[in-house]
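Participant: Residues -12 to 339 in this note's numbering are what the sequence shown spells out, letter by letter.
Just so you know, the hints here were simulated from the structure itself, not pulled from any lab data. Errors might be hidden in some of the hints.
[To be verified] Computed list of lysine-lysine pairs in DSSO-like fashion (alpha-carbon distance at most 30 Å, straight line):
1) Lys209 x Lys172
2) Lys201 x Lys152
3) Lys244 x Lys209
4) Lys201 x Lys244
5) Lys172 x Lys201
6) Lys244 x Lys172
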Amino acid sequence: MGFAKTRQRRTDAPAAVRPGKRARLGGVRVRVLAAAIAAIVVAGAIIVALSLRNPDDGSVRLVGFPKEETGTASFSGAFPAGEDARLANPLGIDAFGGRIYVAESDAQQVRVFRENGARVAAIRIPPASGVPTAYPADIAVIDDGRVAVVDTAGSRVVVMSTDPKADSRILSTLGSADPRTAPRKPTAVEVSGDDVIVADGADGRLKVYGLDGKYARTLPVKMRPRLTFAGGMLFVDGTLFVTDPNAGRLAVISYPKGTLERFFPHRMLLPRGLASAGSEWFFVTDTFGRAVRILGRDGDAIGAIDPNVAAAPSGGEILSRPMDCAWVADVSRLYVTDAGTGQVQVFNVRLE
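Sequences are here, hints too, so could you generate the full structure?
Facilitator: See the structure below:
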């Protein structure tokens, strides 16, 4: 799928002429005419290329389902595209208010795009004190002015301002008032109202903070084996969903009570990020499986988005190393960070 440049071919040929004579059509030499047509073809190809990608803002043209396509998913497009520099190890992703937020880990920043891939902003993450660099691994958008960021290099979670004119981009650091309550090895973050929930791999617990950074409580849930690395978290209708990559499972936790309800029955190779379309459809990136698993509300496998289901345009690569995903309901599209290609890959999904 995707777009293919079409080459125009001449089907007319000049009539035979005597040796030593140059053919003319209407007083115009054939060579001159051929050169003019070739120039038009090249110009047309350039116009087509520019129609797929705007070189000024990086936007791309996302396509819908092909008419003959009857499957659950199809490839819609990817960004950055063309000659634009690829993202430096994109990991976490979230969508809010027509914007796509991406944790560009190796670049120490959160990139902000429009849904068509147009560049909006870059939120630089200042390194923690005594640490040479920042490493944003997961994000959760709070509102159009704030985003919570897991900085694994600094062993912290910060609430950042998305306003480039703000005096200080860091609004709060969770648990900084008392180091005993601060997360020591945060791996994932999610927001529910005024609660910021953090998965702390140091003790395998899920901790709750206020937007001002103050520690509130630790959820009583305990898993066996212990949750040493939460790949992603998602809050849906009073329930917290947490991926456990080491055990290949997805935990379902009541909230705010904080008790383990169950595990989804479908096991995966390495589940990381997750998203949902309401409470009926769940999308889980399976990094080692090179797929996005589609699960029902009971955890049963419904389908998958993988290189066999959603083919890339010629020469492209689909889901080389999928890390996280975000659902945009208005257009029924799933946005997936691919650390292998350095892009955000976009898929149309039918919810039936």
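Participant: Any hints from earlier that this structure breaks? Give me their numbers in increasing order, please.
Facilitator: Failing hints: none at all.
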